[in-house]
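Trainee: Given next are the chains, with one letter for each unit.
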Amino acid sequence: MRYRYYGILQIGVYLFLAMTPLLVLLTGHDVHGRGFWRELAVGLGFGGVSMMGLQFFLTGRFQGITSPYGIDVVYYFHRAISLVAFVFLLFHPSILLLSAPATFGLLNPLSAPGWMTAGTIALFVFAFIVGSSLFRLKLGLGYEQWRLLHGFAAVTAVALALWHMIGVNYYLQGYVKRGLWIALAITWVMALLYVRLVKPLLMRSKPYTVESVTKERGKSWTLVLRPEGHGGMEFKPGQFAWLTIDRSPFSIREHPFSFSSSAMHPERLAFTIKELGDFTATIGSVTPGTRTYVDGPYGSFIPDRHTFSGYVFIAGGVGITPIMSILRTFADRHDLRPLILFYAGRQMEELTFREELDRLQERLTLRVVHVINCPPAGWTGEQGYIDAEMMGRYLPEGRMAYEYFVCGPIPMQQGAREALEKLGVPPEQVQSESFNFV
Amino acid sequence: MREKYSVHLALATGCLVFLFTLLFALLQSPEILSTSVQGGVAIPHPIAGRHKCDHCHGRAGIRPYPVRHVGWNNASCTKCHLSPDSVMALPHANFSGNQAKSVPEKGAGRFSASLAKGGGPAAGKKAPLISHPVKGQEDCLACHDTKNEIKPAPPDHEGRQNETCEGCHSRGGM
Chain F
409 MRYRYYGILQ IGVYLFLAMT PLLVLLTGHD VHGRGFWREL AVGLGFGGVS
459 MMGLQFFLTG RFQGITSPYG IDVVYYFHRA ISLVAFVFLL FHPSILLLSA
509 PATFGLLNPL SAPGWMTAGT IALFVFAFIV GSSLFRLKLG LGYEQWRLLH
559 GFAAVTAVAL ALWHMIGVNY YLQGYVKRGL WIALAITWVM ALLYVRLVKP
609 LLMRSKPYTV ESVTKERGKS WTLVLRPEGH GGMEFKPGQF AWLTIDRSPF
659 SIREHPFSFS SSAMHPERLA FTIKELGDFT ATIGSVTPGT RTYVDGPYGS
709 FIPDRHTFSG YVFIAGGVGI TPIMSILRTF ADRHDLRPLI LFYAGRQMEE
759 LTFREELDRL QERLTLRVVH VINCPPAGWT GEQGYIDAEM MGRYLPEGRM
809 AYEYFVCGPI PMQQGAREAL EKLGVPPEQV QSESFNFV
Chain B
99 MREKYSVHLA LATGCLVFLF TLLFALLQSP EILSTSVQGG VAIPHPIAGR
149 HKCDHCHGRA GIRPYPVRHV GWNNASCTKC HLSPDSVMAL PHANFSGNQA
199 KSVPEKGAGR FSASLAKGGG PAAGKKAPLI SHPVKGQEDC LACHDTKNEI
249 KPAPPDHEGR QNETCEGCHS RGGM
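Protein sequences appear in the order of chains F and B.
Going by the working numbering, the first sequence opens with residue 409, and the numbers climb by one from there.
Going by the working numbering, the second sequence opens with residue 99, and the numbers climb by one from there.
These aren't lab readings, by the way, just hints derived from the structure by calculation.
Yeah, the Cβ is synthetic: ideal placement off N, Cα and C, and Gly gets one too.
Be a bit skeptical, because a hint or two may be false.
[To be verified] Using 27 Å as the maximum straight-line C-alpha spacing, the simulated DSS-like pairs for lysine-lysine come out as follows: (1) Lys249/B - Lys233/B; (2) Lys150/B - Lys249/B; (3) Lys644/F - Lys585/F; (4) Lys245/B - Lys233/B; (5) Lys102/B - Lys546/F; (6) Lys233/B - Lys830/F; (7) Lys644/F - Lys102/B; (8) Lys585/F - Lys627/F; (9) Lys585/F - Lys614/F.
[Said to hold, decoys possible] Label-pair distances were calculated between CB atoms; the ranges are: (10) Val576/F - Ala146/B: 42 to 48 Å; (11) Ile416/F - Gly156/B: 47 to 53 Å; (12) Lys233/B - Gly587/F: 26 to 32 Å; (13) Thr435/F - Ala146/B: 35 to 41 Å; (14) Thr435/F - Pro253/B: 56 to 62 Å; (15) Gly156/B - Asn577/F: 43 to 49 Å; (16) Pro253/B - Ala508/F: 41 to 47 Å; (17) Leu114/B - Asp795/F: 56 to 62 Å; (18) Leu114/B - Thr435/F: 47 to 53 Å.
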């Protein structure tokens, strides 16, 4: 409940920050008469830039911003609100041109003043930012390449937009208003600098060393990190962190991975990573002794936020990783609340942590239900996909008092959520998290 | 699910920011609100060739507009206050002499009423020139009040003040 109120408060703060710069424009501005459409177009321009500026904070990985929702929701919001802001910015010149066709001439960079051309270019740069994010893979942009371009383009677009607003010299007349918008722009860029400079500096003071690299079932590897000269990292079971392996902490090549170790051991961090993308395909070649930096912890996929009488976990493939951290933590805490794990995989041989899960059933009040997509001959367990009927066979009558955690591929998450809805589980009792940040 | 939630949250936030932007635009173009709330008083004289409204209706003019209009530019006036010129442009306007008999189109009623009470000269007619020197005889109503016996103005001029006479009647070279 506390997180819900905090979330509502955050939306209020966002709206306040997005609207206040617009409100400030009105103070002491008694000149009217430019007409409704022109003022609407101008308002959309200012509102769009204001929302675009706030994007720097949304991706700043500030714990205060991400904690009520989970960082994935904040990143999805970042993506969706950027489209909304871009529509605002697109309508700004469109309405101006339609309401006063004579202004078409201002689009000619040969005759237009510099601030006007700056505005036009800013719009194109914003379009590039949105387009390159939506179609990164189709454009063949690597994650690091895209991330670098994204940051530079964002700063360029905001700088050009600010030049445009000051150059128009209508609402930003006077030192106070002009100064306020310049200060705002500096604050936005500071949020970016915090992520790119301050955080890496802090990370550099707390390095880790790869202690071991262990091959797991299902083309996965577990990296165990030991802190160098510090106490490690306190985290909650189910959370994740960004790892920078064998590179400077200032490198843009960092990737998010879930902790798979117990949260009771901050001095020994384990991450289990599946060979999937460009970077993870080579994870097995990391050697012990490699220096690593950890930015975290993040995420709201944690059972410690609310107290329930039991927990149900639904995992698919490498989605078992954060759940493993939760189970190991529960085991270390001697938590004997009832737990049920539905663990789906293509083949029995591919189920990561299969043997350890069997052992955990002896230490915890845990029941593991393996759901195999391509079962071997003579398989008597569950097969196919996890659905409501299957879960209904294992869930106790008091299942409404349980909290549910779903982690795995997006289609599996959707299927599990639909199944739980059919079983009458309230959506707020179902937690899930996705790593599709770009 | 979580992506859908984020999208809904973004759309709701965007809508609120848009509503605020709309409010910003309305506050900055109060003529829109004036038209929709009450409409402006009709201009009682032709405006052809007279585009500097604030010359007479500025705060220092002979017939100043209300304080709330301060800062509005001349182009905004006719967005709320329609002139006889614009009434004549309405289709089916049927005038006889100085008075509108019927202006059946929506919104035209207030202009016809205004014209009947004392609008400008009818279409095609020019107000007579002032045939005498004005200097020293600025109190037009002293001789031209509608009830005056010297040279009364037409009955539809009743209630007009000295300051408005030269709005239509030019000095005949004197």
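Trainee: Taking the hints in turn, state whether each one holds.
Mentor: Structure-based check of all given hints:
With a C-alpha separation of about 18 Å, the suggested pair Lys249/B and Lys233/B falls inside the 27 Å cut-off, and the hint holds. The straight-line distance between the Cα atoms of Lys150/B and Lys249/B is roughly 31 Å, outside the 27 Å bound, and the hint therefore fails. Restraint check for Lys644/F and Lys585/F: not satisfied, since their Cα atoms lie roughly 44 Å apart, outside the 27 Å limit. A distance of roughly 23 Å separates the Cα atoms of Lys245/B and Lys233/B; the hinted pair therefore holds under the 27 Å criterion.
Straight-line distance between C-alpha atoms of Lys102/B and Lys546/F comes to about 23 Å, which keeps the hinted pair within the 27 Å bound. Proximity of Lys233/B to Lys830/F is assessed by CA-CA distance (about 93 Å); at most 27 Å being required, the pair is judged violated. Restraint check for Lys644/F and Lys102/B: the C-alpha separation of about 26 Å stays at or below 27 Å, so the hint holds. The suggested pairing of Lys585/F with Lys627/F is violated, with an alpha-carbon distance near 57 Å, which exceeds 27 Å.
With a CA separation close to 42 Å, the supplied pair Lys585/F and Lys614/F exceeds the 27 Å bound. Here the CB-CB span from Val576/F to Ala146/B is close to 34 Å, at odds with the stated 42 to 48 Å. For the hinted restraint 47 to 53 Å between Ile416/F and Gly156/B, the CB-CB distance of approximately 49 Å keeps it satisfied. For the hinted restraint 26 to 32 Å between Lys233/B and Gly587/F, the CB-CB distance of approximately 54 Å leaves it violated.
Between Thr435/F and Ala146/B the beta carbon distance is about 39 Å. The supplied range of 35 to 41 Å therefore holds. For the hinted restraint 56 to 62 Å between Thr435/F and Pro253/B, the CB-CB distance of approximately 51 Å leaves it violated. Remark: the range hint 43 to 49 Å for Gly156/B to Asn577/F is contradicted by a beta-carbon distance near 25 Å. Range check, Pro253/B to Ala508/F: Cβ separation about 45 Å, and the 41 to 47 Å hint holds.
Checking the proposed 56 to 62 Å range against Leu114/B and Asp795/F shows it is violated: the Cβ atoms sit about 39 Å from each other. Between Leu114/B and Thr435/F, the C-beta spacing of about 21 Å breaks the proposed range 47 to 53 Å.
Checked against the numbered hints listed earlier, the structure breaks hints 2, 3, 6, 8, 9, 10, 12, 14, 15, 17, 18; every other hint is satisfied.
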